[in-house]
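Participant: Could you slot chain B onto chain A? The hints should help.
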Amino acid sequence: MNYTVINRDVHVSDIHLVAVASASLFLIGDADVINLSSAFDTPPESLIIGPFVPLVQVRGEES
Amino acid sequence: MKRTSVVQAFHSETVVISSVLQIGDSERISARTCDLAVQRQHELFFGSEGEQTFPVFTKPIPRWSFPSPITSKQTLHQSPVISARSVRVLGISSSSIVHIGSTSTVEAESRIKHIRHLDGPAPTRGRDL
Numbered sequence: 068m069n070y071t072v073i074n075r076d077v078h079v080s081d082i083h084l085v086a087v088a089s090a091s092l093f094l095i096g097d098a099d100v101i102n103l104s105s106a107f108d109t110p111p112e113s114l115i116i117g118p119f120v121p122l123v124q125v126r127g128e129e130s
Numbered sequence: 007m008k009r010t011s012v013v014q015a016f017h018s019e020t021v022v023i024s025s026v027l028q029i030g031d032s033e034r035i036s037a038r039t040c041d042l043a044v045q046r047q048h049e050l051f052f053g054s055e056g057e058q059t060f061p062v063f064t065k066p067i068p069r070w071s072f073p074s075p076i077t078s079k080q081t082l083h084q085s086p087v088i089s090a091r092s093v094r095v096l097g098i099s100s101s102s103i104v105h106i107g108s109t110s111t112v113e114a115e116s117r118i119k120h121i122r123h124l125d126g127p128a129p130t131r132g133r134d135l
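Same order as they appear, the protein sequences are chains A and B. Numbering (the numbering used here) for the first sequence: 68 to 130. Numbering (the numbering used here) for the second sequence: 7 to 135.
Isolated chain A, as found in the complex (with noise of 0.2 Å):
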């Protein structure tokens, strides 16, 4: 696929962001390759209930 950019004026006046979290890029400019991921994981044995001990490796974590 032939592909042709052509760029004009760009102007923006204000910015406002809250947050930029969890592998996220704000860019201002140009740029070729951008890859960005982001895993999360809270499954229903991570809501512990019971005394203050250390956390180990809950069983049957194999998800």
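Heads up, some of the hints might be wrong.
Unchecked claim - FRET-style restraints, in silico, Cβ to Cβ:
1. A:ILE116 - B:PHE16: 44 to 52 Å
2. A:ALA98 - B:LEU50: 42 to 50 Å
3. B:VAL22 - A:THR109: 15 to 23 Å
Unchecked claim - Output of the computed footprint for chain A on chain B, the stretches with three or more beta carbons under 8 Å from beta carbons of chain A:
4. 34–47
5. 81–95
6. 106–119
In case anyone wonders, no lab produced these hints; they're calculated from the structure. We put the CB at the ideal spot given by N, CA and C, even for glycine.
Facilitator: Quick look at chain B alone, frame taken from chain A:
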């Protein structure tokens, strides 16, 4: 040839947990975070809890592996400037990147394991094993 980025005013409060605030061009940025977030009802720190690994830290995350469909690309900068008057960012966290300027390769990965630990009589889990 890359364009020039112009920002007159920039304000950010916090840049934490392997994040990058880059002002100016760069070639390659890669940021990686493995985060064990334990929410405990009482303030107790055992210190040695981060040693064991959880599957979320080691499980491979599928990546885009197809070759780019673009065979030929021409770029013509009629106006070689990207400009913004003011940028305000409150928080930049967990391997995030705020980049004013051009770059070539950006790679970021963040893995978070959340555990909630509430006080209680019987040692039950969310799901009885």
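Participant: Against each hint, give a clear statement of whether it holds in the structure.
Facilitator: Here's how the hints hold up against the structure:
no.	hint	verdict
1	A:ILE116 - B:PHE16: 44 to 52 Å	holds, 45 Å
2	A:ALA98 - B:LEU50: 42 to 50 Å	holds, 44 Å
3	B:VAL22 - A:THR109: 15 to 23 Å	holds, 21 Å
4	34–47	holds (count 4)
5	81–95	holds (count 15)
6	106–119	holds (count 14)
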